[in-house]
Amino acid sequence: MLRTGSRRAALIYEILTYGHPALRKKAEPVTDVSGEIRELAADLLSTMRRARGLGLAASQVGRPEAVCVIEVPPNLDVREQGGTRENPDVSMPLVMINPELVSSIGVQEGQEGCLSFPEIFITVKRPYEVAVRYLDIKGRTAQVVGRGLLARAIMHEMEHLAGVLLVDHMSPVQKLNLAPQLRKLKKAAKKNCLKQAAAPGKTRK
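Heads up: the sequence shown begins at 532 in this note's numbering, then just goes up one per residue.
Rather than coming from a laboratory, the hints here were simulated on the basis of the structure. The beta carbon of each residue, even a glycine, is placed where N, CA and C say it ideally should be. There could be a bad hint or two in this list.
As the list claims (entries may be wrong) - Once the Cα atoms are required to be at most 25 angstroms apart in a straight line, the calculated PhoX-like pairs of lysine-lysine come out as:
no., residue 1, residue 2
1, LYS715, LYS726
2, LYS721, LYS706
3, LYS557, LYS656
4, LYS706, LYS556
5, LYS656, LYS706
6, LYS722, LYS557
7, LYS718, LYS557
8, LYS726, LYS556
9, LYS557, LYS669
10, LYS706, LYS718
11, LYS717, LYS557
12, LYS557, LYS721
13, LYS557, LYS726
14, LYS656, LYS556
15, LYS706, LYS557
16, LYS556, LYS715
17, LYS722, LYS706
18, LYS721, LYS556
19, LYS556, LYS718
20, LYS556, LYS717
21, LYS717, LYS706
22, LYS722, LYS556
Said to hold, decoys possible - For each label pair, taking beta carbons as the anchor points, the in silico distance ranges come out as:
no., residue 1, residue 2, range
23, GLU567, LYS726, 40 to 50 angstroms
24, PRO703, ASP620, 36 to 46 angstroms
25, GLY566, GLU650, 29 to 39 angstroms
26, LEU607, GLN705, 36 to 46 angstroms
27, ARG610, GLN705, 20 to 30 angstroms
28, LYS717, GLY641, 18 to 28 angstroms
29, GLU650, PRO552, 16 to 26 angstroms
Put together the whole structure using the sequences plus the hints.
Listed below in structure tokens is the structure:
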């Protein structure tokens with residue numbers, strides 16, 4: 532369990548949707564895993580859980596730090612329903628600071644969604660297994676090997692930190708078919724940007 536060392540109530544961020552410029556910004560490396568960073572990680576987890584997601588990157592809530600969180604429940608950590616877990620040795624939730632891809636093996640193809648693209652799902656190819664080096668919430672260098680859905684979630688969140696979005700995996704035909712939803716999201720994001728400009732700093736619910 533993530534502990535921040537304080538008893539303050541977790542903050543729930545507003546999750547930015549497609550079209551918000553913050554989603555395209557590359558994350559800034561964290562140089563000091565401070566109490567503020569640990570609080571950010573805790574807030575990201577609370578926000579992700581409230582939204583019923585499997586992962587969330589700091590950029591999705593307008594924060595510049597290279598921090599992301601992932602939580603794959605045991606019932607989804609299987610290749611097929613009723614099968615054995617693919618990552619029984621990985622403790623959840625997973626908090627990664629400054630994650631870097633070390634290696635990848637194999638290919639998997641499956642449906643993928645994103646909290647910044649609500650109600651949109653497309654088929655995306657990902658490595659079946661990835662090894663990632665990162666800093667944990669205590670500032671220690673760690674490494675995780677993720678397979679299946681966990682590998683998918685890790686790559687998805689790491690792409691967010693690089694400013695790469697789900698739309699970048701869409702074919703021209705998919706973009707055309709999803710154009711109404713994408714336009715709606717961009718319109719809402721523009722409205723949100725104007726609201727934030729009028730009241731800077733108020734990105735939390």
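Hints versus structure:
1. LYS715 / LYS726: The hint holds at about 17 angstroms.
2. LYS721 / LYS706: Distance ~19 angstroms between LYS721 and LYS706 Cα, so the pair holds.
3. LYS557 / LYS656: With Cα atoms ~22 angstroms apart, LYS557 and LYS656 stay inside 25 angstroms; holds.
4. LYS706 / LYS556: holds, 22 angstroms
5. LYS656 / LYS706: holds, 17 angstroms
6. LYS722 / LYS557: holds, 23 angstroms
7. LYS718 / LYS557: Status holds; Cα separation ~23 angstroms.
8. LYS726 / LYS556: With Cα atoms ~20 angstroms apart, LYS726 and LYS556 stay inside 25 angstroms; holds.
9. LYS557 / LYS669: Measuring from Cα to Cα gives roughly 23 angstroms; hence the hint holds.
10. LYS706 / LYS718: holds, 16 angstroms
11. LYS717 / LYS557: Satisfied, since the Cα-Cα distance of roughly 19 angstroms is no more than 25 angstroms.
12. LYS557 / LYS721: The hint holds at about 20 angstroms.
13. LYS557 / LYS726: holds, 23 angstroms
14. LYS656 / LYS556: Holds. LYS656 to LYS556 sits at ~23 angstroms (cutoff 25 angstroms).
15. LYS706 / LYS557: Within the cut-off at roughly 23 angstroms; holds.
16. LYS556 / LYS715: holds, 21 angstroms
17. LYS722 / LYS706: holds, 22 angstroms
18. LYS721 / LYS556: Holds: LYS721 and LYS556 sit about 16 angstroms apart, inside 25 angstroms.
19. LYS556 / LYS718: Status holds; Cα separation ~19 angstroms.
20. LYS556 / LYS717: holds, 16 angstroms
21. LYS717 / LYS706: holds, 13 angstroms
22. LYS722 / LYS556: holds, 19 angstroms
23. GLU567 / LYS726: 40 to 50 angstroms: Once the Cβ atoms are compared, 25 angstroms apart, the range 40 to 50 angstroms for LYS726 and GLU567 is violated.
24. PRO703 / ASP620: 36 to 46 angstroms: holds, 41 angstroms
25. GLY566 / GLU650: 29 to 39 angstroms: holds, 36 angstroms
26. LEU607 / GLN705: 36 to 46 angstroms: For LEU607 and GLN705 the Cβ distance comes to about 24 angstroms; the hint is violated.
27. ARG610 / GLN705: 20 to 30 angstroms: At 26 angstroms between Cβs, range holds.
28. LYS717 / GLY641: 18 to 28 angstroms: For LYS717 and GLY641 the Cβ distance comes to about 26 angstroms; the hint holds.
29. GLU650 / PRO552: 16 to 26 angstroms: holds, 22 angstroms
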